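Participant: Sequence:
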Amino acid sequence: MSFDVQGRLHEIFDEIQVSDKFRKREFVLEIPDGSFTQHVKFQLTQDKCSVIDQFKIGDEVKVNFNLSGKPFTKNGTTMYFTNLQAWRVESAGAAPVNNGGNNSNRAQQPATSSPFLNEEIDNDLPF
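For the sequence shown, UniProt numbering gives the first residue as 1, with consecutive numbering after it.
Among the clues, some could well be false.
[Said to hold, decoys possible] Listed next, the in silico DSSO-like pairs over lysine-lysine satisfying Cα-Cα at most 27 Å (straight line):
1. K62 to K41
2. K41 to K70
3. K70 to K56
4. K24 to K74
[What the hints assert, rightly or not] Between beta-carbon pairs, the in silico distance windows are:
5. T78 to E30: 31 to 39 Å
6. D53 to T73: 31 to 39 Å
7. T73 to E11: 28 to 36 Å
8. F36 to T73: 20 to 28 Å
9. F72 to T37: 13 to 21 Å
Calculated directly from the structure, the hints in this document are not laboratory data.
Since we're looking at a predicted model, the values are computed, not measured.
All C-beta atoms in this analysis are idealised placements derived from N, C-alpha and C, irrespective of residue type, glycine included.
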C-alpha cells in the first residue's frame with residue numbers, strides 16, 4: 001500500500017548497519033491533526049538512507065511511503081509490528097502549508113492512491 005503525507009521534519013536519526021546486508025535510517029515527521037500534532041516515525045532502508053540528507057530539522061516535506069505489517073512469534077506470544085517504509089522525500093515548499101489543507105489532503109490520499117478503491121469508485125458511477 002502506497003501513501004503520502006506532508007509535515008515538518010522533527011528528528012533525523014543516524015544510519016544503523018543492522019547486518020552485513022541491511023542498513024536503515026529513521027526520521028520523525030510532525031503532522032498537524034486538528035488541535036493535536038502527531039509525531040510519526042518513518043524508516044528508510046538500503047540505498048534510500050541518503051534521501052533525507054538534503055533536508056534539515058524544521059523543513060516542510062512530503063513523504064511517499066508504503067505501509068507494512070508483520071507478525072512475530074516468540075515463546076508462544078505473537079506480536080505485530082507496523083512499519084512506514086519511506087521511499088521518497090521531497091520538499092513541500094511549493095505546496096500550500098496550512099492545517100486545513102494538510103488534513104484534507106491526508107484524508108483523501110488513501111482513496112486516490114489505491115487502485116482497488118479507484119475501481120470501486122468507478123463502478124458506483126451511474127453512467
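Participant: So if I understand the rule, the pair passes when the alpha-carbon distance is 27 Å or less; does K62 with K41 pass?
Facilitator: 14 Å, holds
Participant: Just to be sure I understand the hint, the distance between the Cβ atoms of F36 and T73 should be within 20 to 28 Å; is that true here?
Facilitator: Cβ of F36 to Cβ of T73: about 34 Å, so the range 20 to 28 Å is violated.
Participant: Below or equal to 27 Å on CA atoms is what counts here, so check K24 against K74.
Facilitator: Given pair K24, K74 holds - Cα atoms ~24 Å apart, limit 27 Å.
Participant: Can you confirm whether the C-alpha distance between K41 and K70 stays at or below 27 Å?
Facilitator: Holds. K41 to K70 sits at ~17 Å (cutoff 27 Å).
Participant: For the range 13 to 21 Å, tell me whether the beta carbons of F72 and T37 fit it or not.
Facilitator: 30 Å, violated
Participant: For the hint 31 to 39 Å, verify it against the beta carbon of T78 and that of E30.
Facilitator: Holds - the Cβ-Cβ distance for T78 and E30, about 32 Å, lies within 31 to 39 Å.
Participant: Would you check the hint for K70 and K56, treating anything up to 27 Å between C-alpha atoms as holding?
Facilitator: 31 Å, violated
Participant: For the range 28 to 36 Å, tell me whether the beta carbons of T73 and E11 fit it or not.
Facilitator: 31 Å, holds
Participant: Between the beta carbons of D53 and T73, is the distance compatible with 31 to 39 Å?
Facilitator: For D53 and T73 the Cβ distance comes to about 37 Å; the hint holds.
Hint check: violations occur at hints 3, 8 and 9; the rest are consistent with the structure.
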